[in-house]
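Protein chains in written order, with UniProt numbering: chain W, 1 to 1144; chain G, 1 to 180.
Wrong hints could be hidden among the right ones.
Pairs of lysine-lysine, DSS-like flavour, derived with a Cα cap of 27 Å [as the list claims (entries may be wrong)]:
1. 146/W x 82/G
2. 155/G x 748/W
3. 1081/W x 941/W
4. 398/W x 561/W
5. 602/W x 628/W
6. 82/G x 1129/W
7. 516/W x 561/W
8. 648/W x 516/W
9. 648/W x 554/W
10. 516/W x 375/W
11. 269/W x 250/W
12. 952/W x 875/W
13. 155/G x 554/W
14. 132/W x 185/W
15. 561/W x 628/W
16. 1081/W x 82/G
17. 155/G x 1109/W
18. 23/W x 51/W
Examples of chain W residues toward chain G, derived with CB under 8 Å [to be verified]:
19. 44
20. 46
21. 1117
22. 1124
23. 1132
24. 1135
Keep in mind that the hints were calculated from the coordinates and are not lab data.
Even for Gly, the Cβ is constructed at its ideal location relative to N, Cα and C.
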Amino acid sequence: MAGSSSWVAHIDSFVDPDAPESKQAASRDVISKLLLNGTITLQQLVVVAGKYLTSSDNVIRARGLTLLAELLDNLVDKPLEHTAIHSLATFFSDRLKDWHSLRPALIGSVALLRRQKRVGAVQPEDVVRIAKLAVHELEVQALSQKDRMLSLELYECLLFLHGSSVKQLGDELVLGITAAIDGEKDPRNILMAFRLVEQLVALFPEPDGPVNESAETIFAILSCYFPITYNPPPDQRGIKREDLSSALLKAFASTAWFAPFCFPEFLEKLSSSLPSAKLDALRYMGHCALSFGPEVMSAFSEDIWFSLKSEMFRLEEGDLEPKDMQIREEAYSCFTHCIEISQKRRTIGGQEATGDLLTLVLEDADMLDFLGRVKNDVEQRKQSDSGEISVDFSADGKVKALGRVLGAGARASTIACYRVTKKYFSYLVPSVGSAPHCSGSGQSVEANIPLVGLGATLHILEGANHMAHSLADLHQPLDDSTGRRWLEPITEAAPFLIRSFTQLAVGGVAKTEYSKAGVAGLQTLATFPAGLSPISEEQLENLLTFFTVSFLDKSRGSEVKDEALGAILTASDLEEKSSSLTVDEPPRKRGKVDVQHIVIPKLLEAVRDSQSAELLKTLLHALAALSKHRAAVRLTVLKALGDDISSKLGRKLVSADRGFELDRMILILRNLSADIIPFCEVGSIDQRAASDLVMDVWRTFGSLSDASLYSATDIFPPLMTLFRITVQKCPETLQRMILSEGLSVLKKKSSAHIKTDNVRQASSNEGLEGEHWYVALVSSVVVALLPSVFLEEKETLLRLFVNTSIANVDPVITQVAAQAAASLLNKWQDDKSGNGQGGVCTLDEAIVIAVDEGWMPRVEMVLAENGSYPENAEKVAVRSIYALALAGKGLAMRGHSFVSEIAGVMLRLLTAKSTASKRDKPNGVDSEERLNEASRSAVAKAAVESFGIIVKDHSTFLSKSQNAVIRPLYKQRFFTSMLTPLVEALRLVGSQPSRIWFHRAFASLLSGTPLAAALTEGQKVFPLILEGLSTLSVYPEDSDFLLQMLLALSSFLVDESHGRSIAAEYVQSMVTRLIPLVQYKPSMVIRESALQCLAAIVGLPFTRVFPVKAQVMKVITSALDDNKRLVRKEAVRCRQVWSAISSK
Amino acid sequence: MTPGLINANPVVHETKARSARTENTDENSVDEFDVLEIFDILFQVSICVTWLVLFVEKDPEHPYTLEQLNVVSEDAIDLDNKASHVTVTFTPTVQHCSMATVIGLCIRVKLMRCLPPRFKVSPSPVFQLFFKVDIRVAPGSHASEAAVNKQLSDKERVAAALENPHLVEMVERCLQERDE
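All chains should be modelled from the sequences, with the hints used to inform the complete structure.
Below, the structure written as structure tokens:
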């Protein structure tokens, strides 16, 4: 065959040790492809390559073997015959003896061992052969890193894939592997060694097996690595200290046979001075305890407890560093694990005594001493009767530590919790057992606060709470008799605890620390899961009431208030959680005792009675936080606040003496629209409540006829927001309902007004601002409508909005009216049936109504050459320009081409300015002309801004959230369409002062355009940017525009694909324009950005950059002494990159 | 020269976590140079701890910063903005004068590049970098300390040192920006 000689040649070239590596690899790939598609067989290959495989030249032989091994590696999915595999296995395993070709032999063996059954795996006897030879022939630790890795991989394959076959080797295998991993240093290999140990243990689980016998040896090898102190250099192979550490942990925890060696080691390391060693020791101890089981653990409980105890005591002394905090946390979680495991004996071992560790802890001398002190403290207090507390709260370290120990114990298991609480409360509570009779007398109760045991009590309750929650999370139906029995001690102690915590919280003691502790304790008690609470409903109700009262109490410090609010929130979250869990089986839910029924009414009442803005804000904030995640609460709050608003709106606004009421309502409205209504889900019942509120407000307005309402116009802006927020998420039917109600109110209020389409009359009706507010309200509704809401009167509405948008009233009104008009145009739906008889006009007619009849005449007035127009005309013109821009945006968004005409008008306005100034200059400067000039610049400014308005995103109108119609990429399209007219206009305009307006307009346009769009038009845009940089740097008020230009420039400079190649042609002109900007006085940000741009220029081609170096260095050096530090920092960075190019 | 590494395994000190200072955004206020700023400039200067590695291999193995090695601390910087005068006192990691000069040279070059020219322009004694080399527990430290200081404050000698391509390369490497 033709290819025969060629593939033989490939073999030769692979084996040739002098051939370049890439060529060798290519040859191998060719052969492997041929093998895979069956052109040649493995047998053929072996026959041809035979002379290399058996060559007496060590190098050649190794190459030959490498070829065969790597090919085998590639053929892992190709079926091979058994005989072939057998002979290959024999061959490769024999080669393991051959030191010179050891590596390929290893690769080949691993490749063979990895073969799956379906493609022909190695037979067990061959596996054993390989394993034997590996064990006897490989001196792993004498090999290089790569070979060691391969050897370990070989062992790994043997253990993981052929465990059953190699098991018969027993001792031999264990010894071989132990020897192989002994003293390993490379992190990658160590990781594998840990895995091997784990697997080895799994393979020989028998107590009289080989692993148990050599457990000590294996542990000796492993223990060298503990604790892992590996600080990898940042680049390396991705192995982190944590990886090694967790692998070692798994190896340690793999069998209890390591226990006799592990724990002494851990305990020894615990007394080390290295924080990381301590941390690891604790972590390992906890984990190993869990996996070794109670029998093994009981032997060590004493040692563990004493070393842990001394460590815990130490940790309470002095100030803790972050590391120590971590150690403390780990110590207690380790302790919890140990307790947990030692409590397990009953379930495993039969009737032996359980929990010896806990017994040890509870009978400990220190512990008994502590409990004694707690008892004494309580008794003393009762006797002293003074109610005065003099004991130092900062109890000593032992007390704190033992408190935590008890808490950690309570956390471990239900039985442990029972034992801990029983023991502890037997010391704490019996003294109270006699208390009830004196609790009535007042002062003696006050003396019952267990200050010494305070920390311990809190910790224990937290532990029990944690336990209860983890039980509740299991979702197992609890057996009532045993399920709740462990809570009994707490249940018994609960009345006492509640009483003492309440006293603490109320502030029998002056310090806030106590109050906080008291509230925290109560919170823990109140937040047990529903089925597992140690307190009764009545008690819970008291607690919730108490929290509310503390929160509302003015005399409290803010810390205590926050704490109380936190408690309420936690309780609320818990209720929400448990109610969502028990949706299908509600019977065990608490009756009416929950946050919604106890706390919320009180808060709402407080809102009604509040008399100061500060207090009201806190209250509303709390209500918002509570209703955020709970629909039911939200509904209650919404209804209550809504009723409050709509009932008072009429009465209070009309009466002259409004006092605080108006501010109150505004605050409530703001809160509703910012924090409550946005969380309502679409179509939910609470959203319905929100829309009811809007309807109520409408009705209230409808019934009001008093004009004095208009004096309280402050109420309207928040109302408008509320309307918009509510409407934007309503379904269509509700939207229509709200709108028609609004329209009827509007009609009633100004029936004369709405029918007229006489523009002049509307704008001259200045006394009627109050009525315009109604239009504003309707506008906010229209802004948020869905496009599908069909409007009967949309033509009339449009006229109304257009008229209002240019009326001489509050700018809030004109703006929202303009937004409404633009939204109408944006969402305009032509009558599909095609018969325009319904009085409904098409979009094009609508545009004529709005633009040609509405806004354009106003604009034309100032465009007129003769300059004689009414006084207010320019104000009207500015409003019209704003409205026009919005309409343009609305049309651009739906892809309507009329926007280009609007943009054309804007351009004309810019030119109008220029002709005016040209004409004005020679005329001298009399005051009349000056006035004219000022107003024209106001007009031009509005025109400049309008470009920004069209391309920018706005959140409150014409956006996705306001249901606008948005075509993709409309900004890009508008930007591209504007470029040519802009360039053309610039070409026609000569003088500098008028050019500046075009550059401003361009910057305004850039501000909202995605920079990618500017990049694609790079050839046209870049010269504009450059010219803008020099033109706009003249007047300080242009700094925002200038920054925009700089940002665009920098986006060119960092764009690898396109922008940089354009920028490269303008290096010199860029630099000349940036240099003055580095010293641009008015704005620091511009100086910074200019320096950044300069630094980015360095990335352009060297030949263009180098000539300007001297120029740039000079200016950067001066920037090093800038007044602003940020600029100096930027200058240092910039100087560094520029100075670097010289050395190239 | 000692064959082998001078200090292959230096003590690495934990760097102080410092909160980013809130910059004054007021356009008209003036931010004076202060010690922290000088320190920020210097703290990036990485020092190749191994003298030989630097010349033998391309990559220095321990590119720690001056701060990590405790060579320069904030307290050791003395700044007089009005007089345009900076004094940096540094502590070499090992008592070996070759390292001291290199570190000193690096500090000097870095400051020359990052401070405005007024901080070093002659004629008046406007700017002098006084390097007081503080060598702890070193026999005969007096002699070498004086020698190093003399080398570093002598402009001519600094300029001459920067003519030496080897030295320049090394200094450049030390001054490279670190990625993090």
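Status of each hint after checking the structure:
1. 146/W x 82/G: violated, 62 Å
2. 155/G x 748/W: Distance ~91 Å between residue 155/G and residue 748/W Cα, so the pair is violated.
3. 1081/W x 941/W: Holds. Residue 1081/W to residue 941/W sits at ~23 Å (cutoff 27 Å).
4. 398/W x 561/W: Violated, at roughly 31 Å.
5. 602/W x 628/W: Holds: residue 602/W and residue 628/W sit about 18 Å apart, inside 27 Å.
6. 82/G x 1129/W: holds, 20 Å
7. 516/W x 561/W: At roughly 9 Å apart (the allowed maximum being 27 Å), residue 561/W and residue 516/W satisfy the hint.
8. 648/W x 516/W: Roughly 39 Å between the alpha carbons, so the hint for residue 648/W and residue 516/W is violated.
9. 648/W x 554/W: Satisfied, since the Cα-Cα distance of roughly 26 Å is no more than 27 Å.
10. 516/W x 375/W: Roughly 23 Å between the alpha carbons, so the hint for residue 516/W and residue 375/W holds.
11. 269/W x 250/W: holds, 18 Å
12. 952/W x 875/W: Holds: residue 952/W and residue 875/W sit about 23 Å apart, inside 27 Å.
13. 155/G x 554/W: Outside the cut-off at roughly 71 Å; violated.
14. 132/W x 185/W: holds, 25 Å
15. 561/W x 628/W: With a Cα-Cα distance of about 19 Å, the restraint between residue 561/W and residue 628/W holds, given a limit of 27 Å.
16. 1081/W x 82/G: Satisfied, since the Cα-Cα distance of roughly 22 Å is no more than 27 Å.
17. 155/G x 1109/W: Distance of about 26 Å is within 27 Å: holds.
18. 23/W x 51/W: With a Cα-Cα distance of about 21 Å, the restraint between residue 23/W and residue 51/W holds, given a limit of 27 Å.
19. 44: It is violated, given that the least Cβ distance between residue 44/W and chain G is near 47 Å, above 8 Å.
20. 46: Residue 46/W check fails; min Cβ-Cβ to chain G is 44 Å, beyond 8 Å.
21. 1117: holds, 6 Å
22. 1124: Cβ of residue 1124/W sits 6 Å from chain G, so the hint holds.
23. 1132: With Cβ-Cβ at 5 Å, under 8 Å, it holds.
24. 1135: At about 6 Å, which falls below the 8 Å cut-off, the nearest Cβ of chain G leaves the hint on residue 1135/W intact, so it holds.
Checked against the numbered hints above, the structure violates hints 1, 2, 4, 8, 13, 19, 20; every other hint is satisfied.
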